[in-house]
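Protein chains in written order, with the working numbering: chain H, 1 to 456; chain C, 1 to 291.
Treat the hints as calculated values from the structure; they're not laboratory data. Mixed in with the good hints, there may be bad ones.
[What the hints assert, rightly or not] Below are the BS3-like pairs computed for lysine-lysine, each with C-alpha atoms no more than 27 Å apart in a straight line:
#1 C:Lys248 <-> H:Lys150
#2 C:Lys185 <-> H:Lys16
#3 C:Lys185 <-> H:Lys144
#4 H:Lys353 <-> H:Lys247
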Amino acid sequence: MAKTEKKEKTKSSLPKLTSNTPESISIGIMGFANFMNGQIIKGFLFLAIEAGYLWFMITSGISALNGLVTLGTQKQGWVTPVGSKIPILADGDNSMIMMIYGVAVIVLTIIFVGAYLVNLHSARQMLAYRLSGVKAPGFVYDMKSLTDQKFHVTLMTPSIIGILLFTILPLIFMILIAFTNYDKNHQPPGNLFEWVGISNFVNMLGADKLLSGTFFPVLGWTLIWAVVATGSNYILGIMLALLINKKGIRFKGMWRTIFVLTIALPQFITLLVMRNMFNEYGPINEFLVSAGILTNATRILFLNNVLLARITVLVVNLWIGVPYTMLISSGILMNIPADMYEAAKIDGASPFKLFVKITMPYMIFVTTPYLITQFIGNINNFNVIFLLTGGNPTTSSYYQAGKTDLLVTWLYKLTVNNRDYSYASTIGIVVFVITASVALITYRNTVSYKREEEFS
Amino acid sequence: MTGKKSSRPISGARARRYASDTAAYAALIILSVIWIVPILWVVFTAFRVEPGSFSADFIPKGVTFQNFIDLWNNTVYPFKTWFFNTLIVAVCTCLLSTLLTLTISYVLSRMRFKFRKPYMNMALILGMFPGFMSMIAVYYVLKAVGMTQSLTALVLVYSAGAGINFYICKGFFDTIPRALDEAAKLDGATNAQIFSKVIMPLSGPIIVYTSLMAFMAPWGDFIFAKILMGDNYYKYTVAIGMFQMIAKDNIYAYFRQFAAGCVCIGIPIIVMFILMQRLYVEGVTGGAVKS
Numbered sequence: 001m002a003k004t005e006k007k008e009k010t011k012s013s014l015p016k017l018t019s020n021t022p023e024s025i026s027i028g029i030m031g032f033a034n035f036m037n038g039q040i041i042k043g044f045l046f047l048a049i050e051a052g053y054l055w056f057m058i059t060s061g062i063s064a065l066n067g068l069v070t071l072g073t074q075k076q077g078w079v080t081p082v083g084s085k086i087p088i089l090a091d092g093d094n095s096m097i098m099m100i101y102g103v104a105v106i107v108l109t110i111i112f113v114g115a116y117l118v119n120l121h122s123a124r125q126m127l128a129y130r131l132s133g134v135k136a137p138g139f140v141y142d143m144k145s146l147t148d149q150k151f152h153v154t155l156m157t158p159s160i161i162g163i164l165l166f167t168i169l170p171l172i173f174m175i176l177i178a179f180t181n182y183d184k185n186h187q188p189p190g191n192l193f194e195w196v197g198i199s200n201f202v203n204m205l206g207a208d209k210l211l212s213g214t215f216f217p218v219l220g221w222t223l224i225w226a227v228v229a230t231g232s233n234y235i236l237g238i239m240l241a242l243l244i245n246k247k248g249i250r251f252k253g254m255w256r257t258i259f260v261l262t263i264a265l266p267q268f269i270t271l272l273v274m275r276n277m278f279n280e281y282g283p284i285n286e287f288l289v290s291a292g293i294l295t296n297a298t299r300i301l302f303l304n305n306v307l308l309a310r311i312t313v314l315v316v317n318l319w320i321g322v323p324y325t326m327l328i329s330s331g332i333l334m335n336i337p338a339d340m341y342e343a344a345k346i347d348g349a350s351p352f353k354l355f356v357k358i359t360m361p362y363m364i365f366v367t368t369p370y371l372i373t374q375f376i377g378n379i380n381n382f383n384v385i386f387l388l389t390g391g392n393p394t395t396s397s398y399y400q401a402g403k404t405d406l407l408v409t410w411l412y413k414l415t416v417n418n419r420d421y422s423y424a425s426t427i428g429i430v431v432f433v434i435t436a437s438v439a440l441i442t443y444r445n446t447v448s449y450k451r452e453e454e455f456s
Numbered sequence: 001m002t003g004k005k006s007s008r009p010i011s012g013a014r015a016r017r018y019a020s021d022t023a024a025y026a027a028l029i030i031l032s033v034i035w036i037v038p039i040l041w042v043v044f045t046a047f048r049v050e051p052g053s054f055s056a057d058f059i060p061k062g063v064t065f066q067n068f069i070d071l072w073n074n075t076v077y078p079f080k081t082w083f084f085n086t087l088i089v090a091v092c093t094c095l096l097s098t099l100l101t102l103t104i105s106y107v108l109s110r111m112r113f114k115f116r117k118p119y120m121n122m123a124l125i126l127g128m129f130p131g132f133m134s135m136i137a138v139y140y141v142l143k144a145v146g147m148t149q150s151l152t153a154l155v156l157v158y159s160a161g162a163g164i165n166f167y168i169c170k171g172f173f174d175t176i177p178r179a180l181d182e183a184a185k186l187d188g189a190t191n192a193q194i195f196s197k198v199i200m201p202l203s204g205p206i207i208v209y210t211s212l213m214a215f216m217a218p219w220g221d222f223i224f225a226k227i228l229m230g231d232n233y234y235k236y237t238v239a240i241g242m243f244q245m246i247a248k249d250n251i252y253a254y255f256r257q258f259a260a261g262c263v264c265i266g267i268p269i270i271v272m273f274i275l276m277q278r279l280y281v282e283g284v285t286g287g288a289v290k291s
């Protein structure tokens with residue numbers, strides 16, 4: 001402990017770089033201070049970073065940034081070269097590639113700024129070493145500290161590179177797309193797309209009748225779906241757990257395993273199987289027909305009627321989700337103090353009352369984080385909808401969406417089938433706003449709920 | 001209500017308990033049937049002799065292994081290739097992303113540095129975007145480095161997000177007493193040694209949970225595999241491959257083989273899962289519940 005305190009003290013009292021300290025040259029020439037104080041390798045690394053960055057910016061970086069602003073000016077087209085009579089197809093600008101390069105340059109610049117700040121900090125440290133007459137530690141020492149005091153740097157670097165490349169860079173890029181007209185009529189390389197400001201959002205929220213006429217109903221169904229799916233899964237899962245944990249029920253492990261089977265199977269298997277079970281000629285209809293309940297003419301089209309399809313996806317989602325809630329709540333249920341039940345029973349409370357007044361409040365109190373993640377997960381529940389109904393039944397009043405489509409499956413269809421990337425990105429941002437605000441609001445509420453004493 | 005209950009004779013209470021137990025067993029049996037029937041149906045279909053996608057009889061008239069043989073020798077839908085593609089991707093993803101998740105969680109749980117809070121907030125925000133919103137951009141990024149239609153790309157895409165999914169694992173590490181670290185530090189252990197010699201040996205359940213989740217993800221993923229592989233059949237994973245197998249035009253011919261494929265994929269995973277059920281539950285409840 002004493003060691004870290006001391007370290008922080010020296011850190012905060014690092015001398016400032018002023019014009020009469022030679023270390024301040026590091027402000028312009030990175031690594032100079034390190035050279036001066038014998039840290040040759042480190043100084044060289046800093047210098048190499050600066051030189052590399054400047055070289056990159058001059059040779060290609062600045063033009064890439066310019067490309068991000070214009071998104072290309074030269075359309076692909078037929079050009080007749082001088083001295084020839086035959087026109088050839090000349091490559092135009094590719095707005096897509098230009099945008100990616102532009103974003104990459106911005107990310108690179110951010111990384112460079114980070115390196116620059118590290119360099120300044122290092123320069124101040126060098127100054128401190130020189131003023132106090134201590135020899136600066138060598139490169140080997142620095143490397144060694146990567147397994148101890150700076151172990152976090154070692155461990156975080158690969159993850160951060162992964163996140164930068166595969167999450168942040170694509171995300172920035174897709175957010176930018178929402179402000180362009182990159183749709184099926186503006187596909188590079190044959191065509192250019194350009195910045196259009198917030199017109200996609202304006203269209204989505206009302207200016208374009210077809211788009212907004214799709215957006216609001218789909219949003220409505222997404223919210224209904226998320227609330228009903230989360231709620232029903234939660235309550236029925238807890239009831240199932242209570243049933244299995246009921247006093248006097250034997251073979252608890254066996255019952256649990258039966259239900260857990262569905263979690264273990266990959267979702268695409270269970271969902272594709274379910275889709276076929278609910279088919280017009282699937283086993284459910286076959287069974288009902290052979291049992292004489294239905295005739296061949298009255299087979300139930302589970303996935304073709306709007307209301308029926310919506311109910312079916314909710315029911316199938318129960319089949320998939322209930323065991324999961326059961327598994328999680330089993331352990332927690334056993335932690336509910338038994339004397340609470342005893343006291344209520346003495347007062348003559350019915351089992352239903354016990355469930356509503358003791359079990360549910362306790363469970364909700366303990367598992368709020370789980371509920372929030374489940375709700376957000378259901379808003380983005382691609383698998384259940386896409387594999388089960390594919391968003392169908394279709395309707396002509398929607399733009400590229402069906403009656404059971406959620407915002408995310410609509411996003412997928414717009415991207416993959418229709419190449420309306422700008423609209424897809426707009427939807428993605430809307431989904432983000434919804435989930436983020438839900439998470440924030442509920443999180444705030446759980447923190448401000450001071451009901452700790454009641455249950456623990 | 002109260003008076004009525006307390007005045008009941010003892011034998012009445014016993015009869016009531018008997019009745020409620022019977023009701024509970026009845027409910028459990030009915031529910032079990034609902035949960036088991038779809039799975040049984042797939043298994044029966046996989047061994048069915050009669051052709052076609054659906055059969056009027058739930059239990060097949062004849063049993064055969066032919067569907068499995070046809071499936072593994074299928075050249076139109078090369079299931080064998082898909083299966084091993086997925087297996088390779090799953091094993092690599094499992095190793096890489098488990099390593100990333102464990103290390104990130106250790107750092108966030110045990111070390112204190114300036115970037116810690118910002119990083120956790122960033123992960124929270126990134127987790128709220130629909131994951132595949134950026135799929136097209138990911139595709140172009142990989143295309144820019146010439147890596148589309150390769151299994152390596154798939155492994156990278158699956159593992160890259162591992163640094164964001166640290167909540168459950170970090171929650172577990174938080175429960176390991178800090179006194180252990182302090183003691184090791186007094187003995188002169190570095191942070192790297194504390195991680196590998198103190199924390200790791202105590203983290204069995206969470207290692208199993210994390211790696212199980214990472215291993216299972218590629219078997220179920222649909223979106224990224226489809227986007228990255230495009231029309232290259234031989235690089236497909238089982239999920240996209242088998243989805244195509246029972247497209248409307250094929251379902252009559254291939255449904256039994258599809259079922260056989262489900263059995264081939266499902267059984268190993270189910271066995272693994274049942275063996276590790278306890279560890280899995282510990283992992284989930286540890287992360288889903290606030291302590």
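Hint check results:
1. As the CA atoms of Lys248 (chain C) and Lys150 (chain H) are separated by approximately 57 Å, the hinted pair breaks the 27 Å bound.
2. At most 27 Å may separate the alpha-carbon atoms for a hinted pair to count; Lys185 (chain C) and Lys16 (chain H) exceed this at roughly 34 Å.
3. About 16 Å separates the Cα atoms of Lys185 (chain C) and Lys144 (chain H), which keeps this hinted pair within 27 Å; it holds.
4. For the hint pairing Lys353 (chain H) with Lys247 (chain H), the CA-to-CA distance comes to about 18 Å; that is within 27 Å, so the pair holds.
Checked against the numbered hints given earlier, the structure breaks hints 1 and 2 and satisfies all the rest.
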